[in-house]
Amino acid sequence: MNTVKELKTFLEKNKITLEREGSICITIDGLQIKEFGQLLRNLSKDILDSEIDGFHIDELGKIYDNKDVLLKALDGELKKDTLFNKDFLKSRNLAKKELENLKNIIEKICAFIEKCRELKLDYKDAIIAYN
10 MNTVKELKTF LEKNKITLER EGSICITIDG LQIKEFGQLL RNLSKDILDS EIDGFHIDEL
70 GKIYDNKDVL LKALDGELKK DTLFNKDFLK SRNLAKKELE NLKNIIEKIC AFIEKCRELK
130 LDYKDAIIAY N
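This note's numbering puts the first residue of the sequence shown at 10, with every later residue one more than the last.
Please note that a few of the clues may not be correct.
[As the list claims (entries may be wrong)] Calculated lysine-lysine pairs in the DSSO-like style (CA-CA distance at most 30 Å, straight line): (1) Lys117 - Lys43; (2) Lys133 - Lys54; (3) Lys88 - Lys112.
[What the hints assert, rightly or not] Label-pair restraints from in silico Cβ distances: (4) Asp67 - Thr12: 19 to 25 Å; (5) Asn51 - Asp90: 17 to 23 Å; (6) Ile137 - Thr18: 16 to 22 Å; (7) Glu127 - Arg101: 37 to 43 Å; (8) Thr91 - Asp131: 37 to 43 Å; (9) Asn102 - Thr12: 40 to 46 Å; (10) Ala120 - Arg50: 20 to 26 Å; (11) Glu116 - Lys89: 16 to 22 Å.
Quick caveat, the hints were computed from the structure, so don't treat them as lab data.
Built from N, CA and C at the ideal position, the CB exists for glycine as well.
With the hints as extra help, turn the sequences into a complete structure.
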């Protein structure tokens, strides 16, 4: 299978959409990942030596490099009675769903980067060239 077709199949299977209309928009499972940027900033600031500045294309590598720490922190957070993001939402269920969505987004972003590496593509180039 050729590289472009394999990447396209991967994106479709994982419900990842890459759009470019002036700026790059990445959607995972129907959710625009930029909407989760502040949540990622807050989480990373608490557990890493530095803050991950949202889901900007240049920050995706940091997410990949810190995947295990981020996912472990999210798993721990999801087990708590009071979630760190509950203050911003009306209920624990909404806060929990938001954290679950963030976890899914991180997993799929990392799987995308891994797929690009497997295909010997730079993920930034793949995102930019996809459209």
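Note to self: Of the numbered hints stated earlier in the document, which are not met by this structure?
What the structure shows: Violated hints: none at all, because every hint is consistent with the structure.
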